[in-house]
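Protein chains in written order, with the working numbering: chain A, 31 to 399; chain B, 13 to 450.
Please keep in mind that the hints were generated in silico from the structure rather than gathered at the bench.
None of the values given here were measured: they were computed from a predicted structure.
The reader is advised that the hints may include incorrect statements.
[Claimed, not checked] Distance condition first, Cα-Cα at most 20 Å in a straight line; then the derived SDA-like pairs of lysine to any residue: (1) A:Lys156 <-> A:Ser181; (2) A:Lys366 <-> B:Gly45; (3) A:Lys327 <-> B:Gly168.
[Said to hold, decoys possible] Over 12 Å on every C-beta distance to chain A, these chain B residues come out as not near it, computed from the model: (4) Ala41; (5) Asp146; (6) Thr226; (7) Glu310; (8) Gly346; (9) Glu351.
Ideal Cβ positions, reconstructed from N, Cα and C, are used throughout, including at glycine.
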Amino acid sequence: MARSARTSEISKAKAAASARPAPRAEEGQDAIQLRSLQLAHEAESRYRASDEELLHFYEQMVLIRRFEEKAGQLYGLGLIGGFCHLYIGQEAVAVGVQSALDPARDSVITGYRDHGHMLAYGIDPKVIMAELTGRAAGISRGKGGSMHMFSVEHKFYGGHGIVGAQVSLGTGLAFAHKYRGDGGACVAYFGDGAANQGQVYESFNMASLWQLPIVYVVENNGYAMGTAVRRGSAETHFYRRGTAFRIPGLPVNGMDVLEVRRATDIAIAYVRAGNGPVLLEFNTYRYRGHSMSDPAKYRTREEVQEMREKHDPIDHARDELLKRGVAEDAIKAIDKKLRSVVTEAADFAENSPEPDLCELGTDVLVESY
Amino acid sequence: MAVELRMPALSPTMEEGKLARWLVKEGDAVKSGDILAEIETDKATMEFEAIDEGTIGRIVVPEGSEGVKVGTVIATIEGEGEDPAPKAPPAAAPPQPPAATPAPRSEKQEGRNVATITLREALRDAMAEEMRRDDRVFVIGEEVAEYQGAYKVTQGLLEEFGPRRVIDTPITEYGFAGIGTGAAMGGLRPIVEFMTFNFAMQAIDHIINSAAKTNYMSGGQMRCPIVFRGPNGAAARVGAQHSQNYAPWYASVPGLVVIAPYDAADAKGLLKSAIRSDDPVVFLENELLYGHSFELAEDDQTVPIGKARVLREGRDVTIVAYSITVGMALEAAGQLAEEGIEAEVLDLRTLRPLDRAAVLASLRKTNRLIVAEEGWPACSIASEIVAICMEDGFDDLDAPVLRVCNEDVPMPYAANLEKAALVNAARIQAAARKVCGR
Ligand SMILES: Cc1ncc(C[n+]2csc(CCOP(=O)(O)OP(=O)(O)O)c2C)c(N)n1
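Turn these sequences into a full structure, and let the hints guide you.
Written out as structure tokens, the structure reads:
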């Protein structure tokens, strides 16, 4: 009796052992599926842009750079208050991603580092700058400020000051796309620091469980304020962070606008086909301090200089344009035009009036009770 | 065409700074991104970058100059760019934090060495002294160690106490508030710094559900001696999501101690008491006060929790205040005195447990009372004071108690709207006149 019981234990154990390779094969299958987008990206890593397209990307990136430099200047003059988070260095990400979206259907959401993004979405620089200076003509009528800007018209849902919030909110936007069946997808941008917030993973789980149409975009610029990635993150390859939720991820060079575009094309195609979320990690770099008041003692001047001189997304695009034979004059003409666009935006922002005092109490609630 | 370089505003609250070092000299060619100078604010040394291309023309303010006002021309750049030089508009005056009138202290100062110290330093010293005294005390939070604190309150702590006791976390408020609370349950004495209390909203579940209720639910077995601290209330121009006073939220929760000091002596003494307390404490600081200097005795005295303090005696009206509005109340009281109204200023200091007796005693003396609070009026500390006066001071009242608070709206960003939204000394004065029938 005892003996036979033991035999059956052994045979159970044997059966279990022989059953084990099967799930392993399944895991292998999973791994391939999770890596499928990476394979597609490795097969072709850069978008094949026409000269006109590349020139357009260049123009958008330069617009962001000049705008942000001007914003920094206005901050120093006391015309912009509070926090002001410049996007200088990261331009290729917003420009490349945005070019892959369908503005009629797709929605976007980001954090407080949002002015650069908004320019990539085609929002008028004047109303952005006027928001930064807190004027009535600003996109939030002066009531939001640099971290809190929105444009429902452009399906840009903010502009959020609380680190990580946009990830859950973006997942909600994706939920709405699916619910309404409008064919749209959401892109939710967040930083390497934000990637550690708990709500990010709660969102990942639900997005994957419910196959929501969302592309999660980590803009890994190396630092969350003064915290270098390796000091704040146990897993520094952010694209892997969806694996536990079966979300495929892609590591991408975020300093190359064409690589960004290609990766986003792959992600959007996957998401639009109803497969659920994708996680893109763009490796990029912020040249300036976290906000205007960051002394930036956590990195060396040489490190910043090296990125600026060797990996600048705008320099890259310009070199590539020249190599393709695009006339230098055409590039210079763009540079010149954008300088005046930005000067005009700054003049507008400086000279337009502050909000009327009666605006203090408007827009708190929609209805009257 | 010459471009004037002006002393930049390098933080939301900067008004002046020291031009520590020029990294360029007259005649140097510079391009956008080059570091021109190092500028010291009260919080940090910042690099000042060139935005335009050109040649340094004249250096107007020499290095080593202190107290250079924001907007002062410090140098000129001769540009050869295609652009006409941007005209340099006069710098808008940075928001003016209320004047910190040094408070006459009712506690005896004789025989103690008195030094001038900023509120920021007082808080740091409190933590350092308690850490020296008790190995169970440690500091945890975002940017508290290597960066020296987002607002430089933990400056120097890493150097003295090392990474075992001064711990940088990722941006994970819910997680580290829970870890702190658990560590307190496990016998340690954590000081959890929130970069600002706006971000403690991510963690409020642990503060209330885990920390505040444990002692009660365990029948007094399980303690949670923890301090949650950080700046609270409106800063300057940081908008609705970063400008909020959570004092009434926390002060409504049984099981918590809530402290909101005004000056350096109270900040230091009360923080020390908070760290030594066996209860969970929410310690609310104010960013606009961090850089203010106060007189402080050089010793390690604690200040008792739960005791308000009369900062200025008066017989006509009581102004109850806490945190930043104490400064405004003192300013208002000074002005009112010129009009012949003698206002008594009562600093609550601790918001839970609230010193009802002190409020009622002052009311009994003046028979008129107003409450100044930098926060929304509805369900506020001010509302609570009104309730106390109604319940237990009704017979002493010669006029209705008035609340002088912020406007009942989310904080706007625009400079004029923000100013209009915030309580100030003039409004406190107006309310005092009103209850005095002037
Ligand atoms: C919940 C919360 N915690 C802390 C902050 C303060 N804060 C603002 S930005 C930031 C760093 C975020 O870094 P990252 O996500 O990498 O984005 P990046 O700024 O580099 O674009 C911190 C700590 C905040 N706004 N919200």
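Outcome of the hint check:
no.	hint	in the structure
1	A:Lys156 <-> A:Ser181	14 Å, holds
2	A:Lys366 <-> B:Gly45	19 Å, holds
3	A:Lys327 <-> B:Gly168	15 Å, holds
4	Ala41	17 Å, holds
5	Asp146	27 Å, holds
6	Thr226	21 Å, holds
7	Glu310	29 Å, holds
8	Gly346	28 Å, holds
9	Glu351	27 Å, holds
When held up to the earlier numbered hints, the structure conflicts with none and fits them all.
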